[in-house]
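Chains Y and L, in that order, give the protein sequences.
So the first sequence is numbered by my numbering: it starts at 1 and just counts up by one.
So the second sequence is numbered by my numbering: it starts at 1001 and just counts up by one.
These aren't lab readings, by the way, just hints derived from the structure by calculation.
Each residue gets a CB set at the ideal place from its N, CA and C atoms; glycine is no exception.
Just to be clear, a hint being listed does not mean it is correct.
As the list claims (entries may be wrong) - Which bits of chain L does chain Y cover? Going by a derived footprint, with three or more residues having C-beta under 8 Å, they are: (1) 1132-1138; (2) 1155-1167; (3) 1174-1181.
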Amino acid sequence: MNEISYLKRIFQAYYKQKKHEIPLVNLFNQREFGFIPWDKMVMIRHKHFNESEDFKNYLINNPPKHVYSSGTLYNNPGNPNMNEKGFLGCDFLIDIDVDHFFTPCKNYHDLWYCKDCDKSGKGMPPNKCPKCGKNKFQSISWICQDCLNVAKNEILKLVNDFLIPDFGIEENELKISFSGHRGYHLKIANEKIRTLSSSERREIVDYLTGDNISYDILGLDDLSSDLGLLDQNIGWSQKIIIRIKYLLRNYTNDVLVEILRQEKFGLNTEIIEYILNNKESFLKTLWNVKGLGFKTWHNFLEGIIKEVGAEIDKPVSIDIHRLIRYPGSLHGKTGFKVQQLSLKELEDFNPLDEKNHDIDPIIYFSEDENLKEYKVIEKVIPAIKIKGETFGPYKKDEIITIPHHIAVFLLCKEVVKMI
Amino acid sequence: MSDSFDLVMHYPWLPLLKDYYGEISEKSPYDFISDFLSKEFKDEIFDRVSEIFKAAFDNLENYSYYKLDHSNVYLYILMKILLYILDNKHITNRIANLYSKINYYDLIEENDYNTFQIFKELNLDIQYSEKEIQYGLKITKDYFIKLETNFRIQILDYLKLENNLRDDYRKLVNMPIKNGYVYIQKRNLMRLIQEYVRNKILEVESEDKSSIKNLRKVLLKIEDFKELYYKIESSWKERKEEIQYFEDTGFIKAENVNIIYPPCMKEILLKAKEGQNLIHIERLVILFFLLALNYPVEEIVKIFSYLPDFDKEKTTYQVNFAKNKEYVPHACETLKSLDLCMAKKYDDPICIDGYYIKKRNEYKKINHPLSYVRRRRFIEKVKADFQNKQNENKDE
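If we strip away everything but chain Y, and leave its shape as in the complex, we get (with noise of 0.2 Å):
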């Protein structure tokens, strides 16, 4: 039996099993869904069930890599013809990825290939290989507590600093998952908010990540006045406020070197010694200081904005056609549950270390010890710490003795064969 054949084959098995436990999206038969076979990369679209047992059965006979359903709603979610799908709304969508924005942690286990010279390095890859100048990479993104924590606090951020004191969103409106894998999906369910455009969910997104934020009109570009700024401004003039002064006044001047250096805030050693050595003036006037100019105090500004905003995929709330992993379901590049999650119970979650059996998404983890030997088909292997303990790093060709959960992460991977 092939890794595909296998992967399958358990997949088919969490489907046949918890085939009651799969949650039903609200509005079911009004939703588009989608699946990504095993054998090729390509999402079968337009797929409509009637009957919660349909679609169940469907898993179970054809057990998929990925599964999607639409934000949408549909008036006929089978047709294949998207202006004939009778648009009827969708939900607000939002997807946070740590694929999208750096973690420090990347720079420990995420590596890259040049495809043209072999060259190689860890972390992102860069715009151009710095060996043959070329621009094609294979790249292996790994997970960690680390970078999921970041996505989580991002979620976090989004949902105590924007939804709910300044959207109005209530908490049973706010549909969150673990994505299976690098990231959260949020999702509003809210009978106004599937009625807005593309256009409408732009101002959304821009409100929630800071984009085409003006100065000028929030006030924060005249340096002439003497007077600074107040945070009685609500909106992001008082988030950006408070933001400057929690940094000012919470953090060591050793951490807050550290953050200013960061390339957000564009801000060289000799400004961030200045701000440093004015901290007490810096706080009581804000941004009349003297001694820093406009630019520094933009770069300052555009920094403190990245900060404050959430780091969400924009296109994905943007768009109205878009198709969401399918809570309940298993993703095909970990073998981890898609798993649905309260907002209290995202508080605490740890999705490589899930104390609560009930949202634990590592669902092939069992207490027993079932190892097994695997051959490494990758150059090189990360390291994992996956229910506490590490696993790896591995080399090419090294064979390893790993328990059936490991086994099924990095055979999603495709970085180990059978053996």
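Guided by the hints, dock chain L onto chain Y, whose structure is given.
Same frame as chain Y, but now just chain L:
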């Protein structure tokens, strides 16, 4: 007489029209006009309608025609019937622009109670607080102003009304929002309603040309109405000759804009050609783009000549001002964030996939409209050279 009745007399575009004037607003256009001709105020309304059209053709910003009586409702319905059968986007845009502005000037004079009622009638979620709520401070060197308002509008309703305007200072990200509501001053609220009214007028536009033709044929059998219709039509024809034609612009003749220009710019040009009211940022985008391509000021002014608020003197000044400032045209990334990227709508392969550079054996993405133009011109040149060579070979 109820408050609502007064409101609908004043603002016949309110949905309440059906409740109070259902008897006339739901009649067929033919029955409406026939019935209307028997009214004693018929001549007065005809005059007032003609005046509105004339004012719109003259690009006036306001016109104080308003009278608070039943005739106002008749005027509104008659105006919409005329726009429907005139079936001319330029005229419709001009009327929509003027009529919505007239309403705006009236709306900003309304008291808080009526303001609240208007929003309620439009089924918009608005909150009113008798005591003004402070949502910020505006600080200048010498003084500070408390930013206060009595009104808050639900975010999603705000977005629905604001989205066509897309001015920076109206963007959600620059607005004070809390608990699902946008804090907004009355004047700005009413500007949103102006946009609603404009769209209400634009609703008359229809692609069903045979229905328009049939209705026109039927209505023009009514002698008095026929006279009014032709009066307006001839008045437009006179004005039309004074408007400089978009198609006359030298660069459009010289280059095939449909091929050379990226979809974002084609879309703005198309809107301008149809006399749609371009939003502020669209005007800037096309202006900076054309200036960067070194098109002469007078040619660019012609582009704007179809806009419902065109003023040659002002436009020439603004185009010259922008030329002297040498503004940098907007890049694709910015256009995307402004929702002005039309790559998907036009399904343009160069915008979506980029283009292949044989020498370097790689695909290059387009990240600026000017790069698009350069690429297209290059392709056209290669095609032309090839064609010339073929012709030469034939001659030999």
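For each hint, the structure was consulted:
1. 1132-1138: Satisfied; 5 residues make the cut.
2. 1155-1167: holds (count 6)
3. 1174-1181: Our answer is that it holds, as 8 residues pass the Cβ test (under 8 Å) against chain Y, meeting three.
The structure fails none of the hints (numbered hints given earlier).
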